[in-house]
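Engineer: Sequence:
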Amino acid sequence: MHCWGRMCRVLGHEFLPFLANVMPPLLELASAKADIQLLDDEEQVEQIQQEDGWELVPLKGKMIGIKTSTMDDKNMAIELLVVYAQVLEGHFSPYVAEIMEKIAIPGLSFFFHDPVRFVSAKLVPQLLGSYKKAYGCPSNELAGLWTATVDKLLEVLTAEPAIDTLAEMYQCFYESVEVVGKGCLSADHMSKYIDSVHSALEDYKDRVAQRAEEKEGATADDVEDEAEETLMAIEDDQTLLSDMNKAFHAIFKNHGAAFLPTWERLMPTYEGFLKSTDPTQRQWGLCIMDDVLEYCGPESSRYANVITQPLIDGCQDASPAIRQAAAYGIGVAAHRGGAPWGQFLGGALPYLFQATQVPDARNDENVYATENACAAIAKILHYNASQVPDAQAVVVQWLETLPVTNDEEAAPYAYAYLAELIDQQNPAVIGQAGKMFVMIAQALESDALQGQTVTRVVAATKALLA
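Quick note, the sequence shown lines up with residues 48 to 513 if you use the working numbering.
Heads up, a few of these hints could be off.
[What the hints assert, rightly or not] Dumping the calculated DMTMM-like pairs for lysine to aspartate or glutamate here, alpha-carbon to alpha-carbon at most 20 Å:
id, residue 1, residue 2
1, K169, E276
2, K180, E276
3, K229, E276
4, K199, E222
5, K169, D250
6, K239, D250
7, K169, E136
8, K229, E61
9, K252, E276
10, K252, E222
Don't read these hints as lab results, they were simulated from the structure.
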């Protein structure tokens, strides 16, 4: 089977003539049911143990035999379907509806074999993408497929007990939302999503509390013995929070302020995370608020009493990731938040400069936080200059925070503002043209700038040196 997958990747759309022959046996394997036997006595157990390709699972004093070889073939077949949908795109659409209904959606809750569930979660957004490519967005075909899919995805988010699998399901959900795009979730869908998040976060908080309790009562030997297991559990939780955060991001990106009434239901949880002593929780809370600032415009000011202090504190946090999230949030408030944020932004400048001046501000660990702070200052000066006392002095100080050579999202804002200063013949840049040329050259050499930003910056540089 893997040979067909490799051929599809190599041939691309030229693989299409082979589909009629390869799909029927592939769909049969991917649709396979679990081969399960209830074993009543030890003789049956011993017989199964002697055969290859079986897994024994104890259940209420009895043993269940699961034929894993069938499950492995099913998993491999679904992996191939992912490849075909990914490579063939819209040309794979004739198979999509059947695969979604009979293989992908049932596969999400195929509790007999976790790899089948994981790969089914990869398959769902690829199938949606195939329909989008074939019929466009919006289209009746894509809308119909999504309507038949979204409730099942939300159901899985609510029912999934395993942490690592739940993270995969959140990834499936946010990738699907990104494919279907603007307005794809109804108010009822959003409510069900928040229900699932609330349940998952309550379980997460219970696990954190349990780990703290166990650590408090443990001996040094206990801590050492369980260190690896504890680290793995923490890592699973961090992955879950990260994928959940990306789901929030996808919803805000595609629904904006329409998500706020439902989102507000968990405000006590967001506030608790923002004030937490756990850096992971603080970062998670800030990233959620960054999305509110970026996609809800002036309406985000309704939450200023919750957001402002964590943004200021975040700029001074020991964690580079938190400084980055805080600086980014202040920057999007300047860019998207409008007049209600003006006064706060002027007062935030000293803290952004402080974030660019930490020890080793440009080493690998700190550089993204530093560059986001630089870009945030540029956004404030560009979009909210009237709120900045002695703006020219701030410009002079800001130039010292350049270059931006790593963060491809931050760099365009920083250098577009620098080009603006050059166009205005600002004395702060005209007086040190050679230094500005070096800063621009470093950004161009690093490929941090792309497209129209490059064109504009190069034109401004030529004018500066003329």
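Engineer: Could you work out which earlier hints the structure fails to respect and list their numbers in ascending sequence?
Structural biologist: Hints 1, 2, 3, 5, 8, 10 are the ones this structure does not satisfy, whereas the remaining hints hold.
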